[in-house]
Amino acid sequence: MSRPRLRLSSVALNLSVAGLALIWLVPVYLIIVNAISDQSKYTGTPRWFPAKFGFFGNLKSAWQAANFGQTAVNSLIYATFCAAAAVLIATLAAYALVALDLRRPSLWFWIIYSGTLLPLQVFARPLFLAEAQVNLYDTKWGLSIVYIALCIPFAMFVVRNVLVSVPKEIPEAARLDGANWFRMFLHVHLPLARSAMAAAFVFQFVYIWNELFFGITLSISPNVQPVMASLATLEGPYSTTSQPAVLAVAIVVALPTIALFLGFQRFFVSSLKTNL
Amino acid sequence: MAQTTIAAAPGDPRGSSGAALKVRHPRRPAVEFVGPVVCLTLAVVLIVGVLLVPFGFTGYRSFFSNGLNPVYVGFANYKTIFHDPILVKSLINTLMWVVGSLVLPVGVGLGIAVMTNQLKWGKAARLAIVLPYALSGTAVAVVGGFMLRSDGAINQMLGAFGLGGLQHQWLLTWPSNTICAILVSVWQATGVAVVLYMVGLQGIPAETLEAAALDGAAGLKRFRYIIIPQLRPVTAVVVGITLANALRAFDVTWVLTNGGPARTSETLALSMYSETFLAERPGVGAAIAILLTAIVLASSWAYLRKQTGDAHE
Numbered sequence: 010m011s012r013p014r015l016r017l018s019s020v021a022l023n024l025s026v027a028g029l030a031l032i033w034l035v036p037v038y039l040i041i042v043n044a045i046s047d048q049s050k051y052t053g054t055p056r057w058f059p060a061k062f063g064f065f066g067n068l069k070s071a072w073q074a075a076n077f078g079q080t081a082v083n084s085l086i087y088a089t090f091c092a093a094a095a096v097l098i099a100t101l102a103a104y105a106l107v108a109l110d111l112r113r114p115s116l117w118f119w120i121i122y123s124g125t126l127l128p129l130q131v132f133a134r135p136l137f138l139a140e141a142q143v144n145l146y147d148t149k150w151g152l153s154i155v156y157i158a159l160c161i162p163f164a165m166f167v168v169r170n171v172l173v174s175v176p177k178e179i180p181e182a183a184r185l186d187g188a189n190w191f192r193m194f195l196h197v198h199l200p201l202a203r204s205a206m207a208a209a210f211v212f213q214f215v216y217i218w219n220e221l222f223f224g225i226t227l228s229i230s231p232n233v234q235p236v237m238a239s240l241a242t243l244e245g246p247y248s249t250t251s252q253p254a255v256l257a258v259a260i261v262v263a264l265p266t267i268a269l270f271l272g273f274q275r276f277f278v279s280s281l282k283t284n285l
Numbered sequence: 006m007a008q009t010t011i012a013a014a015p016g017d018p019r020g021s022s023g024a025a026l027k028v029r030h031p032r033r034p035a036v037e038f039v040g041p042v043v044c045l046t047l048a049v050v051l052i053v054g055v056l057l058v059p060f061g062f063t064g065y066r067s068f069f070s071n072g073l074n075p076v077y078v079g080f081a082n083y084k085t086i087f088h089d090p091i092l093v094k095s096l097i098n099t100l101m102w103v104v105g106s107l108v109l110p111v112g113v114g115l116g117i118a119v120m121t122n123q124l125k126w127g128k129a130a131r132l133a134i135v136l137p138y139a140l141s142g143t144a145v146a147v148v149g150g151f152m153l154r155s156d157g158a159i160n161q162m163l164g165a166f167g168l169g170g171l172q173h174q175w176l177l178t179w180p181s182n183t184i185c186a187i188l189v190s191v192w193q194a195t196g197v198a199v200v201l202y203m204v205g206l207q208g209i210p211a212e213t214l215e216a217a218a219l220d221g222a223a224g225l226k227r228f229r230y231i232i233i234p235q236l237r238p239v240t241a242v243v244v245g246i247t248l249a250n251a252l253r254a255f256d257v258t259w260v261l262t263n264g265g266p267a268r269t270s271e272t273l274a275l276s277m278y279s280e281t282f283l284a285e286r287p288g289v290g291a292a293i294a295i296l297l298t299a300i301v302l303a304s305s306w307a308y309l310r311k312q313t314g315d316a317h318e
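These protein sequences, in sequence, are chains A and B. Going by our numbering, 41 is the number at position 32 of the first sequence; the sequence numbering is gapless. Going by our numbering, 296 is the number at position 291 of the second sequence; the sequence numbering is gapless.
Isolated chain B, as found in the complex (with noise of 0.2 Å):
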């Protein structure tokens, strides 16, 4: 009924829908629905249109066959996905891109933070990490390729060291060219980390450090047992960022290896788009989306879980 009522508002703001608005606020006039109707119809129709609608199609479409007449085919699409060996592959790098992705980022970016944190140079130290983050994934793609190319820079420094042993096709064999475009995006996306890691640090009481150092807790012993308890709910947050920032990479990985070579280093964002539009099977593209999405939401729902969970301790 509430839609309804909205629905009929501005047309009528004194028909059946201010009768209907009365049961509830009698002394209020029926032209006061104007406003959440204004309000709201804009943000809803471009959600829905753009984004909510589409995502059914894609849904919808995911069960129906590739080709000019696509028929009703079940689950096949997605049977596909798991048998067809360059989309397994995908479907490793995309996990292998969470594990690293959230590993290195949280993990650097507490230590980076603790570390400068006591540092008089701290700040500069800093600015040189969190600096990355302002760069878009295309420009970060560019530097990536410029260090880890057959002639680049990584090459050419193991060389003058002497450890020329060492060189390596870093961007065309598997799995280095995936571990090197998780360290790339990790360049890019520790600083995030940082940043708000030092917000949860200076967020500590002085008081609990000072009673822990009375207690006699230091150095290591005061990180473990103060400050990453203290920490938790930031530590939320940046998981919560960069899992949602690692699944979704497009950028990093099609400009630094377009995927190749020969789609070694596709993760699902880009194995949705060589299947959907470079390959045109828009009914195995479609159900890798809707698979992407679904691991999406279920770690989006475990970290919100586990964030409440930890709210109530």
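Only chain A is shown next, with the shape it has when bound in the complex (with noise of 0.2 Å):
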């Protein structure tokens, strides 16, 4: 008796998840089709066949456009040397909040962590000032600090979820065996704290380089706007980049974090769970 209706909300499943696939997958398969079109065959509305691949041409206009060849090369360099520094930095926080006898260990978390919580709307002017004042406005190092300083926080967030959990006994026999602090962070924490850091690394790296907003208020010139502003510039209403020139750049600047995102998914999860 229960089998015929059994039946019919396994049909209405399968309909209901296929329609919702399709909803996030027609964007997707249209910016492939229009973006491997070759640009001339585009006639001002969403081609929804694909005619005359013209994916590398499409490409090749867009990229000589925005000044992508520097943007890319720019956001590489923030996104893999800020990453990096923030998390060691991050990481020797966290190990001086978990395993070093400090006073208000709470307190210091606090100051460091809080910057998880401000919109970044409220750092912009101070910044913007602060760095023409000192000639770091529209710098590689202007940028890259605030980076740096952005990235802490939750990098510290996250080594310090797994260092809280290694044992007491550890440190304390390290120590009675004469070891001082930096021999104990080099030779039990860091080793401990290392898969933790690659995925804060990882988390970071994505999201310095799809960082937009202090790539526009905090610099103007190519040589060190990241890869997201030329992006930006390109779609602007002063554009004259055709449709299928954008869309090819814009897959090609997504590439690098769906291959991270992909690859380490589960480092993803396991950063987003800590959260709790």
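Simulated from the structure, these hints should not be mistaken for lab results. Note that this is a predicted model, so its numbers are computed, not measured. Hints may contain errors.
Said to hold, decoys possible - Partner residues are not named here, just some residues of chain B that face chain A (Cβ under 7 Å, in silico):
id: 1; residue: Leu45
id: 2; residue: Thr121
id: 3; residue: Ala130
id: 4; residue: Met152
id: 5; residue: Asp256
To be verified - Footprint (simulated), chain A over chain B, 3 or more residues, beta carbon under 8 Å:
id: 6; region: 167–173
id: 7; region: 273–282
The beta-carbon is built from N, C-alpha and C at its ideal position, and this holds for glycine as well.
Join these two chains into a complex; the hints should help.
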């Protein structure tokens, strides 16, 4: 008796999942079709079927229109260098909070962690003025310092979550063996924190690669701006670049984060879970 | 006293700071305190210098007038926000973002996780929905623009299906431009909710579900009385993440509509930018930033409180 009802509900289930997947996939399909069809075939309205392969031609014209070569290199530098620096600094701080005999550890924790609670907009103008004052505005260092500071709180949080679970006996034993704080960090805590550090690095790399707000408030010239600023200019109201070219370049600048995301999906999930 | 101890340690480990420490740990050499100082300094200096001091400065600035020679004006900038129709609309848009980007990613994400969990091809369907989460807000907005422009794919589809009457200048009229920006960001953000809910679903013990089945709870009943309560901690995380992202969202709206036309699709995050850097009204811009901070902090607090409240149940 219950069998026909079951079948009906399973049909409904399959249909609704298929419908939702379709809603999510139609834009993806259209981007790919239009990005690979040659610009000359684009009439001003989206194509539904591919025509004349021209992906690399599209890419080339957009690439030149907005200095993508330069800004992609900039973003690669920011993402690699700033994420690495932030994770290292954050790991040292997490080690101090967890393992060293610190007074008021929770005060220091909240001072560092408060960075994640404030919206970016609240820092923008003072940083802009200060950087203009000390000639850091529109320099790679100017953006790097801000990115490193922005990445420290969450990286510290992720690494600390792991270090907290280290049994107290381990550092005590190391201390009895005569290890000073630096040796203890290097030989006990750093190895234990390694996978959390990797997770935090991937997370912050993606964050910096995708960042736009400070890229447009703290820099203006192409040899400093990050790659998303280039993409935003192309899509802006004054752009004359054709849609297939914009889409081609949007796909290419998304590839690093898609690759990282798919490769390290488990990292992403576990670092998000630690938010609990 | 803790501060002075830490500050004095690196320069002179055996000085007065060492004496202060001896009271607490008679056998520990003062040189031990070099460790915490070295480890904490860079992080604290960067956070305080780059984030907290600018935050304080913005708060201070919000009480001074715009222009070249700012004078103290009390809460006038804050009053301006509520009297300027553009900024009031920006506030309304921000609230729409909060509601829309809370209800949709959380609701749709839960639905997709539960539905695909029972399907053989569920993994493939999930991948399609999770993929946009890996894109930047800027790239997502490029995609959204392609779909929603007046000559974009959505209007084209409506025309093809004989629904030309439903065609609309999606990005050119309020409130549809704000709603579209929200939907575009939902397209991106639902993936993370799905991933987290999948983790939550896999964490529900099989015995619980079997016991429910024995008691005759199936289908919607099981969903309502067994699965939802079990997923509550995950829901708290999903709500927290989507809320924070929605309030700070800048790139999607900036690239999709530039806040326009006529600033009708601005959110507070964008209004701060246009007031401060484009309209050169830094006092009002600072007040908007502080108002946004207050909203972010209040909602984080409410969310944290609810979360700890759940834990006590």
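Okay, the hints, checked on the actual structure:
no., hint, result
1, Leu45, "holds (5 Å)"
2, Thr121, "holds (6 Å)"
3, Ala130, "holds (4 Å)"
4, Met152, "holds (6 Å)"
5, Asp256, "holds (4 Å)"
6, 167–173, "violated (count 0)"
7, 273–282, "holds (count 6)"
Consistency note: the structure conflicts with earlier hint 6 alone.
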